[in-house]
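Student: Could you put together the complete structure from these sequences and hints?
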Amino acid sequence: MSNKKDFIKKDRFKSLEIAASRVSENISEVKDEIMETVVSRFAPKEEKLSEELQDSSVVEIDISKLSSAPEQWNFYQPLPDDKMLELVESIKDKGLMHPLVVWEQKDSYMILSGHNRKKAVEMLYEETKDSKYKAVKCNLIKMNEINEDEAREIIIDTNWIQRQLSTVEKAKSISEKYIRLGRKKHLGDGVKTRDIIAESYGISGRMVQNYLSLNQLIEEMESLLRENHITIKSAVAISRLSKDKQKWLYENFTSKQLSSPDIKNIEAKMTKTQIEKLLSVEDEYVNVNIKVPANKKAELLEKVNQWLKELN
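Residue numbering for the sequence shown follows our numbering, starting at 1 and increasing by one per position.
These aren't lab readings, by the way, just hints derived from the structure by calculation. Please note that the accuracy of each hint is not assured.
The calculated BS3-like cross-link candidates involving lysine-lysine, where the alpha carbons are at most 27 angstroms apart (straight line), are [said to hold, decoys possible]:
hint	residue 1	residue 2
1	Lys170	Lys192
2	Lys243	Lys269
3	Lys83	Lys172
4	Lys170	Lys243
5	Lys233	Lys192
6	Lys277	Lys245
What follows is a list of derived Cβ distance ranges for each label pair [what the hints assert, rightly or not]:
hint	residue 1	residue 2	range
7	Pro70	Leu308	45 to 53 angstroms
8	Ser280	Glu310	15 to 23 angstroms
9	Glu148	Asp93	56 to 64 angstroms
10	Ser67	Ala268	41 to 49 angstroms
11	Glu60	Met143	16 to 24 angstroms
12	Glu276	Phe75	15 to 23 angstroms
13	Asn147	Pro80	28 to 36 angstroms
14	Lys233	Leu300	32 to 40 angstroms
All residues carry an ideal CB built from backbone N, CA and C; glycine is no exception.
Tutor: Spelled out as structure tokens, the structure:
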């Protein structure tokens with residue numbers, strides 16, 4: 001194995017690995033450890049997802065029987081090629097250390113956690129034709145043990161803990177979590193769904209609100225955010241505007257202007273003329289005097305001009 005950073009975080013799932021080694025000794029103890037490690041830390045205290053999976057069992061299932069969750073449920077990007085190769089290498093070297101989480105369907109088993117692990121095992125089977133890669137260990141949830149909302153929550157929570165998500169993926173995760181929790185009755189009067197999510201995910205209530213706001217961005221603005229051409233603060237401010245004004249902003253202003261500190265002063269009620277005035281302030285220029293060796297003058301000017309081009 002190379003010295004590359006392993007895709008799977010060993011310490012984070014230490015109890016999971018210990019549990020897997022004792023499957024044959026005590027299956028109920030295994031289930032408790034799996035659910036405590038994988039899910040319950042990230043579920044609201046009053047409605048632990050671990051309760052939904054208490055009766056699940058670790059079983060081996062043929063990979064041909066595993067189906068992916070719908071794209072609207074599992075909107076997360078697959079691992080990039082280099083990380084997928086690391087995962088394949090890890091499974092080849094150490095085996096599949098952490099079972100998939102699957103939900104029993106009529107003719108198949110829907111993956112709720114482990115899409116990348118399933119793909120990695122498939123790649124190994126296609127390469128080696130070794131029968132040990134034809135089936136994988138799965139934490140099985142029976143068909144009637146959970147409903148659709150609970151299944152979607154499991155997908156969201158396990159991706160939040162296991163993966164390094166993009167800003168857009170975090171925003172969609174928070175939005176989906178908000179919708180699912182909003183359908184449940186909270187314990188105690190005055191408990192806000194926003195605050196439940198904040199406590200569960202270890203972020204502030206304000207950050208939860210910001211992520212929710214990002215879901216109001218038009219596709220073009222979302223793309224700028226995904227590619228880091230605009231900041232989260234800029235994106236949150238832009239999300240306050242109507243889709244028509246967002247489209248106009250995208251077509252008439254540069255990403256530099258859209259990341260300007262002035263963007264935070266945008267208000268939903270502003271006219272296009274007011275927004276244009278806010279964002280069209282000319283840069284202030286000053287002369288800078290600096291002494292350099294005579295034979296380095298041309299090189300310095302070239303680098304400075306290149307830097308100025310990058311700023312624009």
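Student: Each hint: holds or not?
Tutor: For each hint, the structure was consulted:
| no. | hint | result |
| --- | --- | --- |
| 1 | Lys170 / Lys192 | holds, 19 angstroms |
| 2 | Lys243 / Lys269 | holds, 13 angstroms |
| 3 | Lys83 / Lys172 | holds, 23 angstroms |
| 4 | Lys170 / Lys243 | holds, 21 angstroms |
| 5 | Lys233 / Lys192 | holds, 23 angstroms |
| 6 | Lys277 / Lys245 | holds, 14 angstroms |
| 7 | Pro70 / Leu308: 45 to 53 angstroms | holds, 48 angstroms |
| 8 | Ser280 / Glu310: 15 to 23 angstroms | holds, 21 angstroms |
| 9 | Glu148 / Asp93: 56 to 64 angstroms | violated, 37 angstroms |
| 10 | Ser67 / Ala268: 41 to 49 angstroms | holds, 43 angstroms |
| 11 | Glu60 / Met143: 16 to 24 angstroms | holds, 19 angstroms |
| 12 | Glu276 / Phe75: 15 to 23 angstroms | violated, 34 angstroms |
| 13 | Asn147 / Pro80: 28 to 36 angstroms | holds, 33 angstroms |
| 14 | Lys233 / Leu300: 32 to 40 angstroms | holds, 34 angstroms |
When the structure is compared with the earlier hints, violations turn up for hints 9 and 12 and for no others.
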